[in-house]
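Use these hints to put chain B onto chain A, whose structure you have.
In the order they appear, the protein sequences are chains A and B. Just so we're aligned, residue 1 is where the first sequence starts under this note's numbering, counting upward by one. Just so we're aligned, residue 1001 is where the second sequence starts under this note's numbering, counting upward by one.
Honestly, the hints are just simulated from the structure, not real lab data. Because the structure is a prediction, the values reported are computed rather than measured. Glycine included, every Cβ here is placed at the ideal spot set by N, Cα and C. Only true hints are included.
For each label pair, taking beta carbons as the anchor points, the in silico distance ranges come out as:
#1 E1140/B - D2/A: 19 to 27 Å
#2 E90/A - G1035/B: 23 to 31 Å
#3 A1072/B - E28/A: 15 to 23 Å
#4 P1036/B - T188/A: 43 to 51 Å
#5 G1183/B - Q106/A: 26 to 34 Å
#6 K194/A - Q1144/B: 43 to 51 Å
The calculated BS3-like cross-link candidates involving lysine-lysine, where the alpha carbons are at most 25 Å apart (straight line), are:
#7 K13/A - K1045/B
#8 K1194/B - K194/A
#9 K13/A - K45/A
#10 K1045/B - K45/A
#11 K4/A - K45/A
#12 K45/A - K1013/B
Some chain A residues flagged as far from chain B (calculated, every beta-carbon gap over 10 Å):
#13 K86
#14 L88
#15 W107
#16 G135
#17 A137
#18 R158
#19 L193
Protein chains: 2
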Amino acid sequence: MDEKKNPWTVISKETRYENAWIRVDHHEVRNPSGGPGVYGVVHFKNHALGVVPIDEKGYTILVGQYRFPTDAYSWEIPEGGGLVGKPLLESVQRELLEECGVTAGQWLQILGMDLSNSVTNERGTAFLAWDLSEGIAQPEETEQLRVLRVPFWEAVARVERGEIRDLMSVAALLRVALMACQGQLPETIGRVLKR
Amino acid sequence: MDEKKNPWTVISKETRYENAWIRVDHHEVRNPSGGPGVYGVVHFKNHALGVVPIDEKGYTILVGQYRFPTDAYSWEIPEGGGLVGKPLLESVQRELLEECGVTAGQWLQILGMDLSNSVTNERGTAFLAWDLSEGIAQPEETEQLRVLRVPFWEAVARVERGEIRDLMSVAALLRVALMACQGQLPETIGRVLKR
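Chain A on its own, in the form it takes in the complex (with noise of 0.2 Å):
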């Protein structure tokens, strides 16, 4: 089988919603055994950005805010939407500094990422950042957000316990406590990982 090779084929797209985060097509397709169907697809304008943080002392930072489609409350690490065609560090750099107020000497990008790819064409990029320097906190407009100290391990206590369910957080914060319980983290952040 070839993989680049796109086994769906489309009959017609319609743009059935749009506003200024996505868009919505509707297909009607014939599916990869050649029968008929539709397919709406989600298209996402922002790529999808987010940042675990982690200082000298071996803490991250949560942000905390009610999300709006999933009706519940949320504990996340920063996050933001990177605009598609700019640079992903510029904006996520940008992100922790608003939502945070801190920015970060180091940046290693840790995950790639489709969030949701039986509807969403929604990429992601997730980085980890380390020799923190404080800064000033802008959070936009219609952000209501906490923030939350707490020890990196703690963070990842509550990806195990159910308690953060954001799934680009739950990716990233494990990905990073693999990395340490590897040791294959850079050395200075190795250090203050240490269980």
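Quick look at chain B alone, frame taken from chain A:
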């Protein structure tokens, strides 16, 4: 701050798109700061399910398919959609049998998650399964799947190299890897996943 209280106010709500899997509702809102805005929410009708199966030699199973929304081939853990209200375990057991022709005697829930909570209300649950037996695969007509058995740690290496991008797969594989690294797995599979 009361985490239970939704700080968003809905002024109006209108369904703009619907198919068998999703419904898109457009809302006029007041955001947490009181300002006017709009919010398009993608409501999912199914609950996302995934499973990391581990056999007695320490191999797991990956499923490959072309994903229409991302326009890319994707290797993932066995996944499927459970109907809301139906027992999750029963749905994921059916998926594992249909896609891979495998049944498992032991199941452990390892993650609960919100896949993309800035736009959707999609929820997911991932399991670890072991004590595997061979059955007969019965893929759905619309699916053109490949099934691949690889050593568990090779699947983790694919996550680390960015070759597995499906976020539920990424998180579930990392969770099992961290459990193995920290000695938290049930003894039977802890032994086969020891490095």
